[in-house]
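**Student:** The chain contents come next:
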Amino acid sequence: MTAASAIALLILSPLAAAALAFALPKRGRALALGTAAVVGAAIVQLTRAVLAGGVQTHRVGGWGAPLGIDLRADGLALLMLMVTAGISTAISLYAQGYFRSGHDDEAPHRERYFWPLFLFLWTALNALFLSADIFNLYVTLELLGFAAVTLVALAGKRAALTAALRYLFVSLSASLFYLLGVGLVYGQCATVDLASLASKAQPGPTLWVALALMTGGLIAKAALFPLHFWLPPAHANAPAPVSALLSALVVKGSFYILLRLWFEAFPALLTPGVAQLFGGLGAAAILWGSVQALLQARLKLLIAYSTVAQLGYLFLLFPLAAEREGGFVAWSGGLIFLGAHACAKTAMFLAAGNILHAAGHDRIKDLDGITHSLPISVFAFGMAGLSLVGLPPSSGFAGKWLLLNSALAQGQWWWVGVIFIGSLLAAGYVVRVLTHAFTRVAEPTTPNPLPPVMEWTALTLALLAIGLGFASHWVAELLRVGAPVIGPGLMGGTAS
Amino acid sequence: MMRRLPLGILSLALLAALSWAVLSLPAKPTGLTEASLARLPESGVTNPVTAVLLNYRGYDTLLEVGVLLLAIVAVWSLRRGEWPTDDLRDRPLLLSLLRVVLPVLMLAAGYLLWIGAFAPGGAFQGGALLGGALVLAILGGRGRRVLNHERLLRAGLVVGVLVFATVCAVTMRLTGGLLQYPRGSGGTWIMVIESAALISIGLTLGLLYLGGRPTGETGNAPSQNPSSHA
Amino acid sequence: MPDADHRIYLLAGVALFALGFYSLLVQAHLLRRIMALNVMSSGVFFVYIALAAQTSGPIPDPVPHAMVLTGIVVSVCATGLALALADRVQAATGRVELGDDEDAAAPSDATPVASDEHKGKPSA
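Protein chains in written order, with numbering that gives the first Met the number 0: chain A, 0 to 495; chain B, 0 to 229; chain C, 0 to 123.
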């Protein structure tokens, strides 16, 4: 398998699987697992190619930018593809148990449509991470948005439907802002290719406004404070595997595009003021989201607000990595944190889904004694919480540690305070849930039966979130390939 | 009412910023016209827009056909389709119009598909006509048997994506590049893709109008209300 | 600054966009909000076509034209999806508006609502 065919497979196989899953509803799960295998193999090949030969670019159709579209695999893209593949494989395993164990008549219908929608989501994510063309990114964003919205609505209940429609309105208007921005960029620079833009873009009113439009749309899709209002109802009311996909992957897609735009296409426009603004919004997200999470009565809403908070950490990457020489520590830290959050949040939502299924509700104060019936899920929740708070040796710790070091090294000590307070608050809401879970009750209620695969996938992801902390050095080296920022790693390492 | 004022000011500010941006665009932009025309002979078609859609930026078109399929899957997951319930005996004019217009529309769709290689036209344009024909048919209460045959519909809806993906795989085998047609055969491959896409696009647009999955659904159909089965 | 001819089209496009955005924010009725989104997208396409028309050359720039074609298809799909979802929301809540976040406190999903009610007569 060449790098080019690996890239092609990463997009074509989930797409074809999605179409087949719709045409042959009974084969949905098999198609998803088959896709996981193909995508996994392609990622292995591509990683080898990238580590050996540097950034892999494929000029689709042989035309080459700016006339054609380029697909590019560098360290960052690979990390995102890996995280997506890992989470999606876990979800594929979890989902069948989830839908088959539904008590209601709607469950077969939901399962039938889950698979094609999920596979479209995966296609969109892979296409997004590999694309080096800002108009192509618009198409992938729309593909992603439609799949995500419909998956939320799949839950069928009123709260899910209204949340889905609100999400759709936000998603569509945000995409239109982005599209208008792309148009202005094309009008100014006659290209929509990320690499060519780096040389052709000169700061001026058109590009400032274009970038503002695109950024506005993308931060709405990434649910950055203050445009986060759509996220908690959508993530809380969606079916559990969908909540996991949304928090772990979908919102990260828009964040990824923001990184590409500001660090690769328009680095000249990333002034310190803009970078601090992003950081400020991130800090507000951390504080606001964490406080809101503490106040929630329902478990899934707590986890959803936690997502709002954790996404704030990602935006701290802007002020810390904008320092082009020496920003690599922050760059790798932020991205390791992204991967850590994806695994931990998925584990939490899956565990919450298990609890919801077994107990019939997700009111936190009534979760006393749930450990008796779901020890594995509660343990998974705890481990995931460990990573979220950022305790060693989890990958959450690795990410936060790198961000902290970067902040101290650059003298931006105000972010240190934000990170500490955020971690304390996260500990607060995690412990709150665990306290209830571990409280003994005199007569534990008999839970609804749960397929074991549901519990084990949650646990595996939680352990992954912890274990990947050990691999953070390797991840950082992978991220170095094609990274727009340079600098020494935390343990020394080569200054490229 | 109170909300309208700050939102109105926000919108005006947006308009001001956008106007400033748009008026600062270069006076004589270069665009990609020259580049598209220069490489047109290699593309296998002579219409520049079709060349952009199926050659230079064919990858966008692949994803777009995917979006179309996703939309109909999504709408089917949400609702059941609804047929108009008017009594068509009250509408003799519509019925006689349909008898003439539907075949003409289908012919025109095929014509647009064929002519897309060297004049404005192509799969999307033809597909839109086909979709329009389907909408008319639905309005006239015609085609109920076909449009309720779910398996047939599913096959027609996925054929666009599947053929496109297959062409990608095959050409990848032949040339080593995604969507890189072997020299000289670009026109043929494009026709294959566009023909399959025409069917899917037309069906998707018509079925979007119907607004949901066919009412004669087989398999694990959910009950519409507790007392009846689908 | 673009020529006078093209300025008018570019400004009209952004005016449509801003107008559509204002309506999206201010209107409560779901159908009007969906139409507002359509007006916004028309504005964006207007700008793209104006950009294509401006270029010097024997023909208008085909790349923005192809982009608009893609955009129109995506827009139609979005509208279809939005309408289907809005219909489900109306069936579930009885209102043709989105409420203000009262769903955040909705009771948990032990018993889901049936996926859709088949209406006897389609709405006009």
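Be aware that one or more of the hints could be misleading.
Here are a few chain A residues that sit away from chain C, every Cβ distance over 12 Å (derived from the structure) [to be verified]: (1) Gly39; (2) Leu50; (3) Gly63; (4) Val151; (5) Thr161; (6) Leu171; (7) Leu286; (8) Gly325; (9) Gly381; (10) Gly410; (11) Ile420; (12) Gly481.
Below, a list of computed lysine to any residue pairs in the SDA-like style, where the Cα atoms sit at most 25 Å apart [as the list claims (entries may be wrong)]: (13) Lys25/A / Thr165/B; (14) Lys199/A / Ala267/A; (15) Lys199/A / His5/C.
Computed, partial: chain B to chain A, Cβ under 7 Å [unchecked claim]: (16) Leu14; (17) Ala16; (18) Ser23; (19) Ala26; (20) Thr29; (21) Leu31; (22) Tyr58; (23) Val66; (24) Leu69; (25) Asp89; (26) Arg153; (27) Val157; (28) Ala164; (29) Gln179; (30) Gly183.
Quick caveat, the hints were computed from the structure, so don't treat them as lab data.
Being a predicted model, the structure only gives us computed values, none of them experimental.
Every residue, glycine too, gets a C-beta built ideally from N, C-alpha and C.
**Student:** Each of the hints needs a verdict: does it hold here or not?
**Tutor:** Here is what the structure says about each hint:
1. Gly39: holds (30 Å)
2. Leu50: holds (35 Å)
3. Gly63: holds (14 Å)
4. Val151: violated (10 Å)
5. Thr161: Threonine 161/A not clear of chain C: closest Cβ-Cβ about 5 Å, inside 12 Å.
6. Leu171: Nearest chain C Cβ is 5 Å from leucine 171/A, so the label is violated.
7. Leu286: holds (19 Å)
8. Gly325: About 39 Å separates glycine 325/A from the closest Cβ of chain C, which puts it past 12 Å; holds.
9. Gly381: Nearest chain C Cβ is 22 Å from glycine 381/A, so the label holds.
10. Gly410: The claim stands: glycine 410/A keeps its Cβ more than 12 Å from every Cβ of chain C (closest is about 40 Å).
11. Ile420: holds (24 Å)
12. Gly481: Consistent with the label, glycine 481/A stays out of reach of chain C, its closest Cβ about 27 Å off (over 12 Å).
13. Lys25/A / Thr165/B: It holds: about 22 Å lies between the C-alpha atoms, which stays within 25 Å.
14. Lys199/A / Ala267/A: Judged against 25 Å, a Cα distance of about 11 Å means the pair holds.
15. Lys199/A / His5/C: Answer holds: lysine 199/A to histidine 5/C is near 23 Å, not above 25 Å.
16. Leu14: violated (11 Å)
17. Ala16: Nearest chain A Cβ about 5 Å off; hint holds.
18. Ser23: holds (4 Å)
19. Ala26: Since the shortest Cβ distance to chain A is 11 Å, the answer is violated.
20. Thr29: holds (5 Å)
21. Leu31: Where the cut-off is 7 Å and the nearest Cβ of chain A is about 6 Å from leucine 31/B, the hint holds.
22. Tyr58: holds (5 Å)
23. Val66: Holds, about 5 Å.
24. Leu69: holds (5 Å)
25. Asp89: violated (36 Å)
26. Arg153: holds (5 Å)
27. Val157: Holds: closest Cβ of chain A sits about 4 Å from valine 157/B, inside 7 Å.
28. Ala164: At 5 Å from the nearest chain A Cβ, alanine 164/B passes the 7 Å test, so the hint holds.
29. Gln179: With Cβ-Cβ at 4 Å, under 7 Å, it holds.
30. Gly183: With a minimum Cβ separation of about 14 Å from chain A (threshold 7 Å), the hint on glycine 183/B is violated.
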